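With these hints in hand, go ahead and build the complete structure from the sequences.
Counting with the numbering used here, you get residues 468 to 662 for the letters of the sequence shown.
Hints listed in this document are in silico derivations from the structure and should not be mistaken for laboratory results.
These figures come from a predicted structure and were not determined experimentally.
Glycine included, C-beta positions come from ideal geometry on N, C-alpha and C.
Keeping only pairs whose Cα atoms sit at most 25 Å apart, straight-line, the calculated BS3-like set for lysine-lysine is:
id, residue 1, residue 2
1, Lys647, Lys630
2, Lys630, Lys659
3, Lys659, Lys647
What follows is a set of in silico ranges between Cβ atoms, one per label pair, in the way DEER data are often shown:
id, residue 1, residue 2, range
4, Asp542, Gly632, 41 to 49 Å
5, Thr548, Leu477, 17 to 25 Å
6, Glu532, Gly556, 16 to 24 Å
7, Thr602, Leu475, 36 to 44 Å
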Amino acid sequence: HPRDPKRLYLGYYDIGLLISTDGGATFGRHMQGVAPKTCANSCLAIAFDPDDPEHLWASFGQWHENEGVVGESSDGGRTWTMIGMPETGLPTARHRPLIVDASSPTHARRLYTVAEGRGVFASGDGGHSWQARNTALPHTDIRDLAQGPRDPTTLICALGDNKAGPGALCASGDAGHSWKPINPALPPADIKAMV
Numbered sequence: 468h469p470r471d472p473k474r475l476y477l478g479y480y481d482i483g484l485l486i487s488t489d490g491g492a493t494f495g496r497h498m499q500g501v502a503p504k505t506c507a508n509s510c511l512a513i514a515f516d517p518d519d520p521e522h523l524w525a526s527f528g529q530w531h532e533n534e535g536v537v538g539e540s541s542d543g544g545r546t547w548t549m550i551g552m553p554e555t556g557l558p559t560a561r562h563r564p565l566i567v568d569a570s571s572p573t574h575a576r577r578l579y580t581v582a583e584g585r586g587v588f589a590s591g592d593g594g595h596s597w598q599a600r601n602t603a604l605p606h607t608d609i610r611d612l613a614q615g616p617r618d619p620t621t622l623i624c625a626l627g628d629n630k631a632g633p634g635a636l637c638a639s640g641d642a643g644h645s646w647k648p649i650n651p652a653l654p655p656a657d658i659k660a661m662v
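Written out as structure tokens, the structure reads:
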């Protein structure tokens, strides 16, 4: 938790979201409101609102099937409302990471996520609607996504090296509307994370 060092959040496969309020001595499972039920067994990513740490987003899904949703909580993660799903423009897939743009206004938080195998998606209204941001990417098998620390419109994504295409790093200077390769061909590697 950004302000309470005794509150810990753990995303687990096959268990869900666990929250501790006593520094990790005990944990409780917090999946109330996560739907469909098939997505209520795993928590894949968590992101806090920088101005209100009781307001957060998390992605939930299955490990064995590429199915997932994004939820929003205004009570520190005790209960969830599903906002990221096909009806709102976010495809059914596992979603990670979740990035909250701290420079965006509170009433219109900008969020980014990667839908596994489907590419980068963005929301300009706190996750209530989503749009694909994959123009000019060589392929959509994205392993990780990071936001620039000085310029919030800068995004960098790491593409996996597989049948869809070679591994690469691509950058966007316009919040994901267009992309250019930074390194057109990384050595064959399965990138998992970048900072």
